[in-house]
Amino acid sequence: MSTNGKKQIHCRDGLWSRPSSPDEKPQLMGSKCPNCGEVFFPVNPVCINCQNQTMNDIKLSRRGKIYSFTTMTLPPPQWYKGPVPFDLGFVELPEGVRVWTRLLGAEAGTFKIGQEVELDIDVMQVDAEGNEILGYCFVPVKK
Amino acid sequence: MREVAIAGMGFVKFGRYDGQKGRPYKEIYELGAEAITKALKYADMEWKDIQAAYGASMFGGLGVPNQCTSRLGMPGFPITTVEGACSSSQQAMRQAYFDIANGLYDVGLAFGTEKIPPGLIADTLSPVWMLRMGFNLPGTYALGTRAYMQASGATEEDMARVAVMERKNAIMNPNAFWYQGPEITVEEVLNSRVIASPIRFLMACVNADGAAAAIICSKDKLKSKARAVTIVGSAHATATYGYDNLGNSVREKMNPNCTELACKQVWEMSGYGPEDMDVIQLYEAMSPGFLWDAEDCGFCKPGEAGKLVREGYFEIGGKMPANTDGGLMGRGHPTGATGIAQIAELFFQLREEAGPRQVPGAKIAFNHCSGGGPNALCHVLKR
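Residue numbers (the numbering used here), protein chains in the order written: chain F, 1 to 143; chain P, 1 to 383.
Treat each hint with caution, since some may be false.
Cβ pair distances, simulated, as ranges [as the list claims (entries may be wrong)]:
hint, chain 1, residue 1, chain 2, residue 2, range
1, P, M254, F, K81, 30 to 40 Å
2, P, G103, F, P34, 25 to 35 Å
3, P, P127, F, G37, 21 to 31 Å
4, P, K21, F, V126, 37 to 47 Å
5, F, K6, P, N245, 50 to 60 Å
If you're looking for bench data, these hints aren't it; they were derived computationally from the structure. Beta carbons are placed, not taken as given, at the ideal position from N, Cα and C, and that holds for glycine.
Required output: the full structure, derived from the provided sequences and hints.
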């Protein structure tokens, strides 16, 4: 719950875990196949690789390396309400999956391939009722 | 399966039909009907000769193919709407090809028509939460581009050279957006505004309206057998595990991408290989795509495309002329029409009707077309 009494809404339920204690940090939620071992983000009910019909929930590592990035200088049509320019990227997690993400926490255009980044959750926008819409992003690891 | 020929092609010049700034206004179905009429004229056939139609449009909405055909006649034959993102009309052509090859029909029509809204193309493939977070098509293309540059050593200058070459070709193509347009230089491309780094404005294809239509028939139904062009290979593949719906690799490469798959199938079906081709069409919604497409389709080794572009290998006068009509960059990209537009240039080349763009003695041609899904279509044509 945010401080003004309005709700905080995940932009999509189940993308990241809700910490159960103040020491716990959110992690992206994926699925791992008990049959072939492949890992997916976001969660998927069946294995896209081997069609195994049951999947196990997995909390993905909070840190990864930038596989690619781009700086958008034009606002995408319709849905995006954040600042421009802004950065997007793929972050490679140790589980072997590349996650599409926003890149924040540094000036747009300053990220590098191979840079270590970690998961963060932020308020992306406020809806008509004043509720905060949360999204995930990756930010530079604080040394 | 029997031999299938392309009897005729028709185009509405790719451009803007929005009625603004003195430009003509045409509805999406007017564009389609015009292209169909021209294709019939080229084929020396009549409306009543057609037995089935496959029509494509990405952004047009419901029933666009029917809107096009009902301006020409109400024939009662099946009119199937095909949507496959940017490869829509080539998927339509492939359906017509197999129907005729398998003897279901003798003469078919395949066409695509499109009017693209201005600005960044809306993404209807991706879930809303991603769009809220800023996901967009040029951004995703840019991510793939930077990853490709990292792996291959290709430079922004290589990407700019592709744009320059394709503009030069389009200037000679009466059906292209940039027909008689200004040439561009590598410097101008590299100084153009960044859209999604490293993609710059002049590395991206222009939004355009337009239509293209093909009359496909069994070879024996051609009105004239002179310079007959037949389809000898047709393939359609989608992504195997490891890629997202725009074709980005989302884990270490486990499987071939859909372009590699479709190419493998079309070489097997046609009995030819990349080295046998005289003229080709590669798919490049943005100019860096030309480079990885040349590699994925087997026209050079991984990482080699940039160097070959620098050497003029893919120019009209080079060893493997590619996108001689300007490609998507030079023609413009009315998405529903692009697939058949690509085939049309190869058709004109094989029939020695490409004028100043002509590759002398072209006999065998290859096409690759991609779309969101992702999907890849490949065709081999022979004269």
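These are the hints, each one checked on the structure:
Taking the beta carbon of each, P/M254 and F/K81 are about 37 Å apart, inside 30 to 40 Å as hinted. Here the CB-CB span from P/G103 to F/P34 is close to 48 Å, at odds with the stated 25 to 35 Å. Roughly 26 Å separates the CB atoms of P/P127 and F/G37, a value that falls within the hinted 21 to 31 Å. At about 39 Å, the beta-carbon gap between P/K21 and F/V126 stays in the expected band of 37 to 47 Å.
Roughly 34 Å separates the CB atoms of F/K6 and P/N245, a value that falls outside the hinted 50 to 60 Å.
Violated hints for the displayed structure, listed by number in ascending order: 2, 5.
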